[in-house]
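Trainee: The hints should help you fit chain B onto chain A, whose structure is shown.
Taken in order, these protein sequences are the chains called A and B.
Here the first sequence is numbered in my numbering, starting from 1 and rising by one per residue.
Here the second sequence is numbered in my numbering, starting from 1 and rising by one per residue.
Calculated directly from the structure, the hints in this document are not laboratory data.
Just so you know, nobody snuck in bad clues.
Derived BS3-like pairs: lysine-lysine, alpha-carbon spacing no greater than 30 Å straight-line:
| hint | chain 1 | residue 1 | chain 2 | residue 2 |
| --- | --- | --- | --- | --- |
| 1 | B | K251 | A | K46 |
| 2 | A | K229 | A | K219 |
| 3 | B | K251 | A | K199 |
| 4 | B | K327 | A | K174 |
| 5 | A | K174 | B | K324 |
| 6 | A | K174 | A | K97 |
| 7 | B | K331 | A | K158 |
| 8 | B | K327 | B | K167 |
| 9 | A | K52 | A | K199 |
| 10 | A | K174 | B | K331 |
| 11 | A | K46 | A | K83 |
| 12 | B | K373 | A | K158 |
| 13 | B | K324 | A | K158 |
| 14 | A | K174 | A | K83 |
| 15 | B | K324 | B | K373 |
| 16 | A | K83 | A | K96 |
| 17 | A | K199 | A | K46 |
| 18 | B | K171 | B | K373 |
| 19 | A | K158 | B | K327 |
| 20 | A | K83 | A | K52 |
| 21 | A | K199 | A | K83 |
| 22 | B | K167 | B | K373 |
| 23 | B | K327 | B | K373 |
| 24 | A | K99 | A | K229 |
| 25 | B | K331 | B | K373 |
| 26 | A | K96 | A | K229 |
| 27 | A | K96 | A | K174 |
| 28 | B | K28 | A | K219 |
| 29 | A | K219 | A | K99 |
| 30 | A | K52 | B | K251 |
| 31 | A | K229 | A | K97 |
| 32 | A | K52 | A | K174 |
| 33 | A | K174 | A | K158 |
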Amino acid sequence: MKLDYLDQLESEAIHIMREVAGQFERPALLFSGGKDSITLVHLALKAFRPGKFPFPLVHIDTGHNFQEALDYRDAMAERIGEKLIVRYVEDTIREKKLKEPTGRNATRNGLQTFTLLDTIEEFEFDACIGGARRDEEKARAKERVFSVRDEFGSWDPKRQRPELWNLYNGRIHKGENVRVFPISNWTELDVWNYIRREKIQLPSIYFSHDRELLIRDGKLMATAGGVIKPEADDQLVTRRVRFRTVGDISCTAASESMADTLDAVIDEIQATRISERGETRMDDQLSEAAMEDRKKGGYF
Amino acid sequence: MDLLRFITAGSVDDGKSTLIGRLLYDSKSILADQLEAIERASKSRDDGEIDLALLTDGLRSEREQGITIDVAYRYFQTPVRKFIIVDAPGHIQYTRNMVTGASNCQLAIVLVDARHGVAEQTRRHSLIASLLGIPHIVVAINKMDLVDYSQDVFSDICIHYAELAQKLNVKHVTYIPMSALNGDNVVDRSESMPWYEGQTLLEHLETVEIADDVNLTQGRFPVQYVIRPQTPELHDYRGYAGKITSGQFRKGDAITVFPSGETSTIDAIEIAETHLDEAATPMSVVLHLATDVDISRGDLIVRSDSQPLSSQTVEAMLCWMDSKEFKVGNKYVLQVGTFRTRCSVREIAYQVNVNTYEQIEGVEQLRLNDLAKVVLRTAQPISFDPYATNRASGGAILIDETSNVTVGALMLVGEA
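Isolated chain A (complex conformation):
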C-alpha cells in the first residue's frame, strides 16, 4: 500500500499531537482562527475523537484581529465542544503598563509574547502546540518539532536538542515549556491541498471579497476596525482582495485576487512567484534575522 504524501504528513502530525498528550501534563493548542491553526484543530479531531481533546484551545488576542477570524474561532470552539481560553494583549498592556509601539506602522505583534508568557504561567502550560511551518521562514527552517524554551520563552538555536527518528523528548524542568509544531514539514501548498481534500471550512476573508483598504508602502492594508489610522498621504481604495495569511490587521496585507473558491486559491498559490510571508507580513521585513530575534525573545 502506498500512502499519498498528504496522508504521510497527516499521520506524522497526528503522531506528534498524541506524543504531546502522552508526555505532558498541561498542554495547550494555540488557536487563532487562521488556516494553519484550523488545520491543527482538524488534526486534533482525528487524533483524539471520540475522546475529548487533552488540551484547551488558547488564543492570545491582540485586539487587532479580523472580526471574521474571531467569529470563526468562537463558532468552531462551540461546534466541537472544546474549551477555549482567550487572553487579551490589551489587559497585559494595562496591567504591566507596557509601552505600545506608536507611529505609522505600529503593531502589537511583539507585545503578544508578553501575554503568551503570562498565560503559560497562569495555567502552568508545559507544552504549547502551534501551527508554525518550516517553509515559512529561514529561522523556522532550523527549529525542531519539540522546541524547548526556558522560563523566558527563549529559543536558543545553538542549544537545540538532537531529535531523532520519530522519538520526541519532552522531558523538561519546572518552569520550562515546549513549543510543539506538528505541521513543521508542511508547505503552504500542502496546507491548502489538505484543506481542500478534507473539506475544511475557512473564515470568509481567505476568499476574494470587496473591501476598503489603504495603500501604504505599496501594500494593501485593511481599514477594518480602525486599527490602522489613515494618514494624509494614504490613498483609500476599494478592491477585490483576499488574505493569504490571517494575522494582525496591523501587519497583514491583502492580495488582489478573484479567487473565491478553494480550487481558485490553490491555482493562484501554485502560480505565485512570491512567498507567503514576503507578500503579506510586514513584521518579517525589518531585518535579515527578524524572526530569529523574535524567537529568541519568546515569540512563537
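Mentor: Just chain B now, kept in the frame of chain A:
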C-alpha cells in the same frame, strides 16, 4: 504523489549549498522575493555574484561564519514527487547534527570534490549514512568543470568509492558527475559530458524506487495514548492510539503486547472514527482489542506472527551527542518507541574512527560526536528489532536524567 526525504551533508566549500541552491533554482522552486533577498545579501560580499548558499544558511551566526551549524529543512516538489531536503552540516564537530538529520532519510547525497576524490569527509559522511541505515546513496562527483569534465577522473573516483561502499553495507549506490556551479547534470543534462549516459540528479531523485524500503513484514504499534471518552454512550469505548511504525495489521490478527506478553486479537481498526479492515505503516490509527488487556502508553503491540527481541542487556551502535563524557557505569533514560526505562553503561566494546573506520578497543570514555559499539543494561526489558532490519523499532535515544537533554542515538544491534 509520494514523498522522498533526502540529506545532503557538507559545508560551503564542498559545494553543498550551491548544489541545493541549484536544485531549487533550476526546478523553479525559489520564489522571486527570496531570490531578491539573497541578491541583496550577495551584494555586500566581495565578488558580488549571487551566492546560492545564502538560501540555506538560516541563522545569523551561520551567515556570519559562512558555515552550516544545524540542520535546516527545505521543501520542493515536481509534478512527480514531493521532496524534503535535510540540509546538514558536514564538519566533524557537527556530526551529531548530521546524525539527527539522517535519521529519517531514505537517501543521502554524498558530495565528492572531483579534484580531491574520496576524502576524509566522504568517508565520514558515508559511514554515518550507512550506520543510520539510509538505503540509497548518491555519490555526487562535483566540480567536474575543474577537471575538464574528464571521464577518467570520474571512473577512478567510482572505483575508489565502490571499495569503500563494500565495507559499509550500503544497498544502492549511484554515481553522478556534475557541476553544481554551472548546473551540469543537476536538473539539466550536461552538454560537456556526453560520455555520461545516466540520469541527472533530479531525474534520479524523482524515480528512485523507495516503496521497497518500507518494512511491511513486522507489525509494530507503540501505544502513545489511550482514548477513553467515558461518556454514557461510549461507556465501554477503549481505543489504543498510536502509529504503525512498521508492518501492517488486519482485523482479526493475533497480537502480543510487550513487555507483558499478554495476547489478544484485533477487534477493530479506526482512523478518525472510520473503520478499516487493514492498515499499514506509517498510518496513525486507533486499535481495539477483542479482550480486556492491561495496556497503557509505553506498551508495544506486535503481530504475534513476528515477535521482536526482548532483553535487559543490549548491544548497540551509539553516536554520543553531549559534551559530558559517556562512561561505563553512567546511568541514563533509554527511550525506544514510546517506552522509557533507566539503563546503565556496561561496556564500551570499541570506538569507531569515523574517518578510517578503524575499531579502537580499550576506550574508557566517549566524547561529543564519538561513535562506538556499546553494551547497556536496562532496568526493565526492552522490546526492539535489530536496527539493520527495522529502523523504526531499532532506533533508540538516551536522555540525561538531570539535564533532560537527548544525549545519544542508539542503533540497537541485538541481545548482548
